[in-house]
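Chain A is fixed; fit chain B onto it per the hints.
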Amino acid sequence: DAGVIQSPRHEVTEMGQEVTLRCKPISGHDYLFWYRQTMMRGLELLIYFNNNVPIDDSGMPEDRFSAKMPNASFSTLKIQPSEPRDSAVYFCASSFGRLINTEAFFGQGTRLTVV
Amino acid sequence: DQQVKQNSPSLSVQEGRISILNCDYTNSMFDYFLWYKKYPAEGPTFLISISSIKDKNEDGRFTVFLNKSAKHLSLHIVPSQPGDSAVYFCAASARKSGNTGKLIFGQGTTLQVKP
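So the protein lines, in turn, are chains A and B. Residue numbers 1 to 115, in the working numbering, belong to the letters of the first sequence in order. Residue numbers 116 to 230, in the working numbering, belong to the letters of the second sequence in order.
Next up, chain A with everything else stripped away, as it sits in the complex (with noise of 0.2 Å):
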């Protein structure tokens, strides 16, 4: 399996544009999380899914944030309208749930960078 697979990797946007990062999870995976890394609060959960189920949204900063995962082997996270403030790097993680000690695989990361 290839891993976790994200993309864009890089990302430059203007103020008021928006956002779509997409995700590819292991096949096979269950959960699928979706990260931000700042230098605050190190990797924060912004959402994560069960069987393409949304379970826990609270992460999610604002509504301005919005994710979907329409079948097991994709996921978007969407920012409309994005601002300076959510330059960051997003990770999206899958694992599979069912084996109590599992740990997720992350992939590269997508920079987000809003001018």
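Don't take every hint at face value.
[Said to hold, decoys possible] In silico DSBU-like links for lysine-lysine, alpha-carbon gap of 35 Å or less:
id: 1; chain 1: B; residue 1: LYS186; chain 2: B; residue 2: LYS152
id: 2; chain 1: B; residue 1: LYS183; chain 2: B; residue 2: LYS211
id: 3; chain 1: A; residue 1: LYS68; chain 2: B; residue 2: LYS120
id: 4; chain 1: B; residue 1: LYS183; chain 2: B; residue 2: LYS171
id: 5; chain 1: B; residue 1: LYS152; chain 2: A; residue 2: LYS68
id: 6; chain 1: B; residue 1: LYS211; chain 2: A; residue 2: LYS78
id: 7; chain 1: B; residue 1: LYS171; chain 2: B; residue 2: LYS120
id: 8; chain 1: B; residue 1: LYS183; chain 2: B; residue 2: LYS120
id: 9; chain 1: B; residue 1: LYS171; chain 2: B; residue 2: LYS152
id: 10; chain 1: A; residue 1: LYS24; chain 2: B; residue 2: LYS211
id: 11; chain 1: B; residue 1: LYS229; chain 2: B; residue 2: LYS171
id: 12; chain 1: B; residue 1: LYS169; chain 2: B; residue 2: LYS211
id: 13; chain 1: B; residue 1: LYS186; chain 2: B; residue 2: LYS229
id: 14; chain 1: B; residue 1: LYS120; chain 2: A; residue 2: LYS24
id: 15; chain 1: A; residue 1: LYS78; chain 2: B; residue 2: LYS183
id: 16; chain 1: B; residue 1: LYS169; chain 2: B; residue 2: LYS152
id: 17; chain 1: A; residue 1: LYS68; chain 2: B; residue 2: LYS211
id: 18; chain 1: B; residue 1: LYS171; chain 2: A; residue 2: LYS78
id: 19; chain 1: B; residue 1: LYS171; chain 2: B; residue 2: LYS211
id: 20; chain 1: B; residue 1: LYS169; chain 2: B; residue 2: LYS186
id: 21; chain 1: A; residue 1: LYS78; chain 2: B; residue 2: LYS120
[To be verified] Covered by chain A, per the in silico footprint, the following chain B stretches (three or more residues, Cβ under 8 Å):
id: 22; stretch: 159 to 171
id: 23; stretch: 220 to 229
Calculated from the structure, these hints are not laboratory results. Computed from a predicted model, the values in this text were never measured in an experiment. Where a beta carbon is used, it is the ideal one built from N, C-alpha and C, also for glycine.
Chain B alone, transformed into the frame defined by chain A:
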């Protein structure tokens, strides 16, 4: 509310010596703990984990210690090597409470191992 805290943003050690990275948590429901390592421009990768039924887990040069009464865990790297230089994240989850997949991360500690 930061449920998982890594109070040392950085640590510098000499090659061959021991590196000790610390992590504190507040949620008594956490029963599974993990350490991840992250190199620049890459996603975090799993390093080692420990279940709350144990107080120590060892894997080669890496040992994780868990002190449940103090809600504290630590990662020991012996001997430290320059290739260990990275950001280390502590993570925790509450598996038995039903949130089998949700991982909460700390802020990270940047380890520098000097040759």
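Outcome of the hint check:
1. LYS186/B to LYS152/B: holds (21 Å)
2. LYS183/B to LYS211/B: Between LYS183/B and LYS211/B the Cα gap is close to 16 Å, so the pair holds against 35 Å.
3. LYS68/A to LYS120/B: Judged against 35 Å, a Cα distance of about 29 Å means the pair holds.
4. LYS183/B to LYS171/B: holds (11 Å)
5. LYS152/B to LYS68/A: The hint holds at about 28 Å.
6. LYS211/B to LYS78/A: Roughly 32 Å separates the two Cα atoms, so the pair holds.
7. LYS171/B to LYS120/B: holds (20 Å)
8. LYS183/B to LYS120/B: It holds: about 15 Å lies between the C-alpha atoms, which stays within 35 Å.
9. LYS171/B to LYS152/B: holds (19 Å)
10. LYS24/A to LYS211/B: holds (28 Å)
11. LYS229/B to LYS171/B: holds (27 Å)
12. LYS169/B to LYS211/B: holds (15 Å)
13. LYS186/B to LYS229/B: holds (31 Å)
14. LYS120/B to LYS24/A: Holds. LYS120/B to LYS24/A sits at ~30 Å (cutoff 35 Å).
15. LYS78/A to LYS183/B: violated (39 Å)
16. LYS169/B to LYS152/B: Status holds; Cα separation ~22 Å.
17. LYS68/A to LYS211/B: holds (27 Å)
18. LYS171/B to LYS78/A: Roughly 41 Å between the alpha carbons, so the hint for LYS171/B and LYS78/A is violated.
19. LYS171/B to LYS211/B: holds (20 Å)
20. LYS169/B to LYS186/B: holds (13 Å)
21. LYS78/A to LYS120/B: holds (28 Å)
22. 159 to 171: As far as the stretch 159 to 171 of chain B goes, the hint holds, because 5 residues have Cβ atoms under 8 Å from chain A.
23. 220 to 229: Three-residue rule met by the stretch 220 to 229 of chain B, so holds; n is 4.
Hint compliance for this structure: hints 15, 18 are not met, and every other hint is.
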